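If you read the protein sequences in the order shown, they are chains A and B. Under my numbering, think of the first position of the first sequence as 1, with each following residue one higher. Under my numbering, think of the first position of the second sequence as 1, with each following residue one higher.
No wet-lab data here; the hints were simulated from the structure. No experiment lies behind these values; they were computed from the predicted model shown. Where is the CB? At the ideal position from N, CA and C, for every residue including glycine. Some hints could be false.
[Said to hold, decoys possible] Derived list of chain A stretches under chain B, where covered just means 3 residues or more per stretch with a C-beta under 8 angstroms from a C-beta of chain B:
(1) 64-70
(2) 135-145
(3) 159-166
[To be verified] Below, simulated DSBU-like cross-link-like pairs (lysine-lysine); rule was C-alpha separation at most 30 angstroms, straight line:
(4) A:Lys86 / B:Lys39
(5) A:Lys333 / B:Lys100
(6) A:Lys65 / B:Lys100
(7) A:Lys86 / A:Lys281
(8) A:Lys65 / A:Lys53
[Said to hold, decoys possible] To give an idea of the chain B side of the interface with chain A (calculated C-beta under 8 angstroms), a few residues:
(9) Gly65
(10) Met82
(11) Phe86
(12) Met104
(13) Val109
(14) Thr318
(15) Thr320
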Amino acid sequence: MSTQTKDEGLYDYALREPRLPAPENRENDRIGIPTEARLEMYEMQQLLRQFEKRAYDLFLQNLVKGTSHLSLGQEAVATGFGLAMKPDDFTFATYRGHAHTLARGADPGPVLAELLGRENGILKGKGGSMHLTSVEHGMMGSYAIIGAHLTIANGAAWSARMRGTDQVAVCFFGDGTTNIGAFHEALNLAAIWDLPVVFVCENNLWMEYTPIDLITAVANPAADRAASYGLESIVVDGNDADAVYQIAGQVIQRARRGEGPSLVEAQTYREQGHSRADPAKYRPPAEVQAWKERDPIPMYHERLLRLGVPEGDLSTIQQDVARRVDEATEFAKGGAMPGEEHLLTDVWADGGSAWRN
Amino acid sequence: MAELTYRNAVAYGIAQEMRRDPSLVMLGEDIAGAGGVFKTTVGLVEQFGPDRIRDTPISEQAILGAAMGAAMTGVPVIAEIMFSDFIAVCFDLLANEIAKSRYMTGGQVTIPIVVRTANGGGSRFGAQHSQSVENWVMMIPGLKVVAPSTPLDVIGLLAASIRDPDPVVFLEHKSLMADKQDIPEGEILDELGVARVVREGTDCTIAALALMVPRALEAADRLEDQGISAEVIDVRTLVPLDTQTILGSVSKTSRLFTVEENPRLCGWGAEIASIVADEVFWDLDGPVVRITTPHIPLPAAEALEDMAIPSVDRITETVTKRMG
């Protein structure tokens with residue numbers, strides 16, 4: 001360390017000043033959320049955590065192929081929004097979409113089977129980790145090239161209005177997405193058309209391997225851009241499911257009432273690297289440690305204890321979730337590899353792929 | 001029976017389909033109040049209102065994204081991209097999202113979109129507003145590609161594209177806009193994936209698309225004077241591709257020429273040449289010859305643009321020489 005100069009911090013990001021989380025807001029204990037809903041959110045966060053850990057374990061066993069982007073540390077965002085949505089609302093997510101798919105109620109078995117490339121996968125093995133979709137649960141897709149899906153979420157919101165429903169589209173993306181053109185095209189169109197869409201930036205401070213503040217003109221990559229589109233600047237503690245649930249309810253209801261789009265910046269942190277190939281050694285150790293101490297799940301566990309939920313109830317939930325994840329694992333491992341009969345199907349609506357007679 | 005221009009046929013076809021399906025909507029730049037920069041959507045906003053004919057910002061990604069999101073949630077959409085060159089600005093939406101989502105999701109989503117766009121040269125607009133981009137879109141699995149050459153085909157193929165549950169790129173040729181044709185009364189509906197023999201002949205087959213069709217027909221007239229009987233095929237849709245009509249014609253005439261406005265490399269004719277070589281090689285009496293725009297960005301000057309794009313003279317001379 002002694003031989004390193006200040007300039008090295010410009011590219012050796014581990015030497016930079018750590019960006020620390022805001023302290024936990026104990027006042028959020030008093031947000032008026034029924035205990036039943038809080039237990040649901042505890043269970044969902046446990047499911048997302050245990051599922052992602054299992055996905056990682058299965059990768060280490062060489063059963064999960066390709067790449068995968070885990071939501072470890074970011075579970076509270078998917079959980080809070082997931083609970084605030086109605087079953088026929090629409091979710092759009094990025095390649096980091098396992099949590100958002102499960103949070104809409106998709107069965108973990110077929111989701112895990114998809115990661116394993118099996119025939120019983122939720123996409124029949126054709127999409128993989130980065131394209132999880134479950135239309136029956138309103139999960140309209142995971143889009144792996146950032147930006148585009150914000151514009152697609154607009155279309156779903158536009159369609160809801162044309163069809164006369166009160167459906168809302170909720171679109172999740174990372175901080176890195178705020179610097180691509182489609183983000184700005186989408187925000188502008190949503191604003192001028194007053195669309196029932198909610199854009200949720202999960203700001204985990206790192207655009208892949210680069211600190212977002214180094215490459216963004218404003219401090220809060222989403223919230224500080226909101227004014228450009230006539231929207232309110234909203235920042236929420238993305239590691240506190242109650243805070244997320246509260247703001248989600250507000251912005252979703254606003255959209256449902258026909259009062260237009262919102263842009264929410266949820267501040268959070270990914271516990272691991274960008275993708276499975278990334279050990280994430282480029283981050284200041286003090287930063288990683290500070291955010292680990294603000295891990296959303298132990299924090300939520302403590303809150304529930306403070307609110308009088310018995311430890312035993314929480315242990316039971318954890319164990320139930322562990323059993324579900326074990327069952328999902330067995331389901332996925334038991335799936336066959338997709339056969340050749342699937343290769344040429346589902347390019348066209350007629351089920352086939354013929355391009356000539 | 002009414003005479004319509006190619007330009008008016010676009011609005012005519014859209015109006016026919018909007019009357020049939022009240023859920024169908026359209027969006028694009030300058031399409032409502034202005035009636036489109038090529039005047040292909042004149043009168044539609046007056047008939048169907050600004051909720052169904054929507055002006056957008058200059059945001060091609062936002063246009064195709066909104067189209068996709070609406071289409072995959074139950075609202076069929078026509079999206080206009082003003083010039084086909086601008087497809088490059090929203091290629092991610094077209095190539096990666098719209099084209100691939102059905103396959104990637106194991107068939108969970110259906111995306112009934114028609115992307116209408118003004119394609120091709122002849123307007124002296126230079127290299128960024130004159131390209132023939134059919135090869136850009138033809139190479140993407142999951143997109144259908146249509147390029148009509150007559151007003152009647154504009155209506156019939158547009159109707160077929162709109163009713164098709166899959167994404168279709170519909171290429172309207174800028175230099176055909178003023179062409180006129182009598183249009184019969186009643187509903188007009190054609191079929192994708194069907195090429196048309198527009199002139200019968202016995203000595204060679206000339207396969208052409210869009211603006212190249214009338215040029216190939218005029219060349220065939222001149223060839224007739226020289227004693228060469230050319231059969232001309234209007235390919236009409238590149239995906240799905242009616243190879244049987246082409247293969248049948250080549251088996252009969254034993255020679256094939258393609259006339260393509262796209263720059264040379266990977267033009268649609270190369271795929272047809274490959275299929276012909278593979279499947280009816282022994283019926284051929286000579287090489288398959290591609291007549292294309294050279295592999296250059298299209299120049300603006302009238303004299304240069306006319307040299308670049310296959311002309312009646314070049315088609316006639318090439319066929320004469322290579323048949324000799």
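Okay, the hints, checked on the actual structure:
no.	hint	verdict
1	64-70	violated (count 0)
2	135-145	holds (count 5)
3	159-166	holds (count 4)
4	A:Lys86 / B:Lys39	43 angstroms, violated
5	A:Lys333 / B:Lys100	27 angstroms, holds
6	A:Lys65 / B:Lys100	21 angstroms, holds
7	A:Lys86 / A:Lys281	40 angstroms, violated
8	A:Lys65 / A:Lys53	15 angstroms, holds
9	Gly65	2 angstroms, holds
10	Met82	15 angstroms, violated
11	Phe86	13 angstroms, violated
12	Met104	4 angstroms, holds
13	Val109	6 angstroms, holds
14	Thr318	26 angstroms, violated
15	Thr320	31 angstroms, violated
Going down the numbered hints, you'll see the structure goes against 1, 4, 7, 10, 11, 14, 15, while the others check out.
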